[in-house]
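Asker: Make the full structure from the sequences, and use the hints.
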Amino acid sequence: MELIHTFSNGIKVYDRHLIPVQRERYKKNNVHEAEEEEVFLNYVHAIPENGCFVNIGAAIGYYCLLAKKVSASLRVHAFEPLQMHYDYFSENILLNGFQPSDFHIYLEGVSSQAGQVSFLNRRYGSRIQISKEGLDDQISEAEDVSLIQVITLNQLVEKVGGYVDLLQMDVQSLETKILRGGTDTLKKQLVKRFIIGTHREKIHQSCIALLEKFSYKIEVDNYETVDQADGILCAVAV
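So the sequence shown is numbered by the working numbering: it starts at 1 and just counts up by one.
Be careful, since some hints might not be right.
Below, computed lysine-lysine pairings styled on DSS-like, alpha-carbon distance capped at 25 Å [stated by the list, open to error]:
| # | residue 1 | residue 2 |
| --- | --- | --- |
| 1 | K12 | K27 |
| 2 | K27 | K69 |
| 3 | K202 | K187 |
Please keep in mind that the hints were generated in silico from the structure rather than gathered at the bench.
Answerer: The following block contains the structure:
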């Protein structure tokens, strides 16, 4: 029988989907990201009936599955450009008793401009190649690099229906670029709430400045997290 990991909140994933550092972390606190989960659940509970949740960098589907478990009427849209994680997410949907039709999963990424970009396959550290953007990507000749399709945040919001109650992203240092591709979205406040996993302090501060520029209120500002790898930045339209 295949090994299954069951989190404290009841979400299940296949053990082969996990990496060693995650298994060790879950021994201490058996949720994916202990500090982010409480905020996430509070925000999901605040979404109205038939509301819209978007997850950029959905990986194997943990937060999408949790959101749907908490709010059955929620419209869940997941963007995940890594084929492996897309497939794992699909497996976990069935494992948790849902149907594929309960989720909208898109095999594409999100960036500042639409088109095709190089994508580094690093499992949970996978991301768009960003060495030309001034961030130091050390890429070996053996690195698994592929071309993926990306859209902008403005296009994403239009694609999912024109308004998002909660948008969560974990995009490995692309946070500011994604927000910059959503100027119209931010100006019109077409996303009610953001939860952003930040991966560099400079990016964390840049995201704060950009969100505040468009009259978002910062509700959680925690770059120095203890029990997870990335910082947490949460904002709400006011």
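Asker: Hint by hint, note whether the structure agrees.
Answerer: Here is what the structure says about each hint:
Restraint check: the Cα-Cα separation between K12 and K27 comes to about 15 Å, which is no more than 25 Å; the hinted pair holds. Restraint check: the Cα-Cα separation between K27 and K69 comes to about 23 Å, which is no more than 25 Å; the hinted pair holds. Using a Cα cut-off of 25 Å, the hinted pair K202 and K187 holds, with the two alpha carbons roughly 23 Å apart.
When each numbered hint is compared with the structure, no violation occurs for any of them.
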